[in-house]
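Visitor: For the record, the sequence lines run as chains A and B. Yeah, the first sequence ends on 290 if you go by full-length UniProt numbering, and it's all consecutive. Yeah, the second sequence ends on 290 if you go by full-length UniProt numbering, and it's all consecutive.
In case anyone wonders, no lab produced these hints; they're calculated from the structure. Wrong hints could be hidden among the right ones.
Dumping the calculated EDC-like pairs for lysine to aspartate or glutamate here, alpha-carbon to alpha-carbon at most 20 Å [what the hints assert, rightly or not]:
| hint | chain 1 | residue 1 | chain 2 | residue 2 |
| --- | --- | --- | --- | --- |
| 1 | B | Lys80 | A | Glu277 |
| 2 | A | Lys264 | B | Glu261 |
| 3 | A | Lys264 | B | Glu247 |
Facing chain B, according to a computed beta carbon distance under 10 Å, are these residues of chain A, among others [as the list claims (entries may be wrong)]:
| hint | residue |
| --- | --- |
| 4 | Val186 |
| 5 | Pro194 |
| 6 | Ala200 |
| 7 | Asp203 |
| 8 | Ser209 |
| 9 | Lys239 |
| 10 | Phe242 |
| 11 | Thr252 |
| 12 | Ser280 |
A quick note: this is a predicted structure, and the numbers were derived from the prediction, not measured. All C-beta atoms in this analysis are idealised placements derived from N, C-alpha and C, irrespective of residue type, glycine included.
2 protein chains.
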Amino acid sequence: MERDFGGFKGILIIGLGLIGGSLALSLKKEGYKGKIYGYDLNESRIKKALELNAIDEGFNRLENVPWNDIDLVILSTPVKTFADIANKIKPFLKDDTVVSDVGSVKGDLVVKLYEILKPHVFVGVHPIAGTEKEGIENAVADLFKNARLILTPLGEDKEKIEKVEKLWKDIGSKTEVMDPHLHDFVFASVSHLPHAIAFALVDSLITLSKETGIDLFKYPGGGFKDFTRIAASSPTIWKDIFLENKENILHTIDVFLNSLEKLKDAIKEEDEKKILEILSESREKRLSLG
Amino acid sequence: MERDFGGFKGILIIGLGLIGGSLALSLKKEGYKGKIYGYDLNESRIKKALELNAIDEGFNRLENVPWNDIDLVILSTPVKTFADIANKIKPFLKDDTVVSDVGSVKGDLVVKLYEILKPHVFVGVHPIAGTEKEGIENAVADLFKNARLILTPLGEDKEKIEKVEKLWKDIGSKTEVMDPHLHDFVFASVSHLPHAIAFALVDSLITLSKETGIDLFKYPGGGFKDFTRIAASSPTIWKDIFLENKENILHTIDVFLNSLEKLKDAIKEEDEKKILEILSESREKRLSLG
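Work out the full structure, taking the sequences as your base and the hints as a guide.
Guide: Pasting the structure below:
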């Protein structure tokens, strides 16, 4: 199929961070012929985006954006700002302008944005890419290439939904469609819970180091570095994700706490059979992922 | 310094698995001129070790080993078998034969082996290398190259201790000496706890999948695969480690449970300041590891 990036003529990316910047660079690199506009409150990020030739024009006031040229808006700020931004941009939007996002939380948030923005079409998008670095200075043009990407569309406008999907396919993403609430449960389990655990693990090693006077961070062998890599992710982004997906995350943490307590009890009771059972089942499942 | 591998003329490796096999291959590759003998209960492992040219001769009965040619024995079986093997080989050992190991647990176990084997010298060794694969079929000749290695010697025979250290240095390991009990606390924290968590995390995803009828293992994005790689480690080896280092592991699990409960409570109460504080401190520490 022809690479037309969904046929959008002008794209406004709101929030010029790692994801927004990488999306702009990807579009440029893959040959997108339309115009890319950037909006950010921070002047220095706009400057950087222009320097990188990621965007054609940058704005830090919504009223200055050439809204008649924009037929796709992509929200790329922290998720908790989305509703506020949606309310602010709505009066400026052309009738057929589509709004989309790149946030890690969908569920109720997507329903809320859909309600705020209608009759404009809102298409929720979650690219599964790059989390532990942040900022436009770390943006790269191949961040989404071969990366999985979940669309969580609501409403009946198949044509506009497919245009958004086409844009991402044309920069190399592997797209799939998912119910927004299912998305939040799945990602609470396979991404948000592991992040909570990684942060808590480093926190517990800080506590153990203080308790004993031994700096455990001098001994980062045995898989610890790989295991806690994601604890270097942005605190602000992850605080927002934890709060926006609160109910799912609290539930998955509880189930995990039960699993760890079960293993702890088996170790305490020296129940070799039980320990082997837990470890073997987990190993088998993990190996099946390759 | 000349590469003399500590000057040992004949080395017996007891247990031809991933670590034992890789040690033999490393010695051969780096130009060790002495003889390498292998002992294993399992005939097929001996055959494989001979095929790989890892060992010169293999035995599955201790009485057949040419003990007069052996001046270093390396225990490379699961840690819980060490005491029993030490008792069995002691009558065969020449006066000056040194015994060593490659186990992940030191502490009381090393004290026990020291007591069993004296007047022979026992030198505890823990190479920080390769855990999630197992078996001699996965053995590689560069497993210990540039890998950290902890020695936990007891007793006063500096000369023999240094010979063992020299052997590992000559195959490229970065050696350091540590008190055996400190070793077990440190590795409970930076290795055994992360392994317990990884096993429990996969276990909790099995539970969540059953609970909801959604196969969460179909969605291994968002860092989950990296994070749980170590859950593919050998159940038998890790059961033994958890039991041999029980007290340290139970304590570190408790401290971790407190950290995760603290984060969970902050999410539940939507205490943004507290969440940011935990995440920021952890991120800063993690980033300092590079």
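Visitor: Which hints from the list above does the structure break, by number from lowest to highest?
Guide: Hint check: nothing fails, all pass.
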